[in-house]
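Chains as they are written, first to last, in the numbering used here: chain A, 426 to 573; chain B, 0 to 149.
Simulated from the structure, these hints should not be mistaken for lab results.
We treat Cβ as the ideally placed atom computed from N, Cα and C, and that holds for glycine.
Warning: the hint list may mix true and false statements.
As the list claims (entries may be wrong) - Here are a few chain A residues that face chain B, going by a calculated C-beta distance under 8 Å:
{"id": "1", "residue": "S553"}
{"id": "2", "residue": "G557"}
{"id": "3", "residue": "K564"}
To be verified - The calculated label-pair distances, taken between Cβ atoms and stated as ranges, are:
{"id": "4", "chain 1": "B", "residue 1": "N3", "chain 2": "A", "residue 2": "D470", "range": "49 to 59 Å"}
{"id": "5", "chain 1": "A", "residue 1": "D470", "chain 2": "B", "residue 2": "T115", "range": "38 to 48 Å"}
{"id": "6", "chain 1": "B", "residue 1": "N68", "chain 2": "A", "residue 2": "L568", "range": "27 to 37 Å"}
{"id": "7", "chain 1": "A", "residue 1": "G457", "chain 2": "B", "residue 2": "L7", "range": "27 to 37 Å"}
{"id": "8", "chain 1": "A", "residue 1": "S481", "chain 2": "B", "residue 2": "N130", "range": "42 to 52 Å"}
{"id": "9", "chain 1": "B", "residue 1": "L7", "chain 2": "A", "residue 2": "D441", "range": "43 to 53 Å"}
{"id": "10", "chain 1": "B", "residue 1": "E136", "chain 2": "A", "residue 2": "L566", "range": "40 to 50 Å"}
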Amino acid sequence: MKEQISIRNAIASDLDAVVSLGQVASQDRKPGFWSNVFDHYVLRDKNDRFFLVAESGNRIVGFIIGEVRAWEFGSPPCGWVFALAVSPEKRQLGIGQQMFEEISQCLKQAGVTTVRTMVDRDDKLLLSFFRGLGLCSGKYLELEKQID
Amino acid sequence: MKLNKASLFALIAVLELASDTEKQLSATDIAQKHGISTHHLAKIMRNLTYAGLVQAVRGAGGGYRFSGNVRRTTLLDVIQLFETLESELDVPNWGNNSDPIIGELQSITSEIDNLTKAVLDTITLATALKNTRIRAELKANQASPGRVIT
Ligand SMILES: CC(C)(COP(=O)(O)OP(=O)(O)OC[C@H]1O[C@@H](n2cnc3c(N)ncnc32)[C@H](O)[C@@H]1OP(=O)(O)O)[C@@H](O)C(=O)NCCC(=O)NCCS
């Protein structure tokens, strides 16, 4: 069953709620990370950066962040979703999907036709989520190495 | 990557039955629909029953019905009933890899295995069926371009 929620642009006063949601999803991120993200994606003028929150009642139950990135690694302009979380007690109610669809529309209006993300290959939940929404391996491969 | 026949037939049967959990089909029905060997599929259906993914329905009009969890069962869950996808290098002293060439080849095959797993273990039957439906609708639309997909 779909949860009744509203999705809107994040505002400065959402910071604490987002930090605690982000903390549940990924303990490694420090609050400093979030103030930078808010600074960049909420407070500045922007037409190709999107930070959306999902509200149920008066409570923030999810967020999603994305932007248009152009010509990195030779790639034509493309939408990126780089953070997403739903409150654990509100999962599997369609909120993640609604937020993803909403940000995809925002990205489309900003002029791109592809949306891309990057996921830890051991994160079965997040990978299954994106797969369920129709995403599959793209043209680019992430490569890395330890620096001696 | 080459799946063995048993895994491939099992995936076909499970997806066919999971596409409508009310549906009951015999091994022959499934085999004929997809052009695969009935004899081979009959054996596979017994394995799938044993694993709890399908249920044998007895009596007239009997057959098999899907009995697993379509949103949580992944393609890898089905495949692993019939084969392991871990690559093995066919070399003596497997496991004792002081040989750096073998060590390097092992590292490459393990990179491929990890990627394969990340694909097959994150596509649920529900996701594969959703994509199947989209594919079928696209095909139908190409055949009669005026048709509206709802
Ligand atoms: C991934 C996440 C966003 C999903 O949010 P959600 O609101 O529960 O997802 P939805 O209810 O919209 O599910 C949409 C689809 O995703 C898939 N899905 C969701 N949860 C799943 C699960 N536990 N197992 C398998 N597939 C799942 C399904 O295909 C589902 O469609 P269905 O309901 O028709 O089966 C949520 O689980 C989450 O916040 N996880 C932590 C994320 C994280 O670690 N973030 C930090 C990095 S940015």
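message: Please list, smallest to largest, the hint numbers that this structure does not respect.
response: 3, 7, 8 and 10
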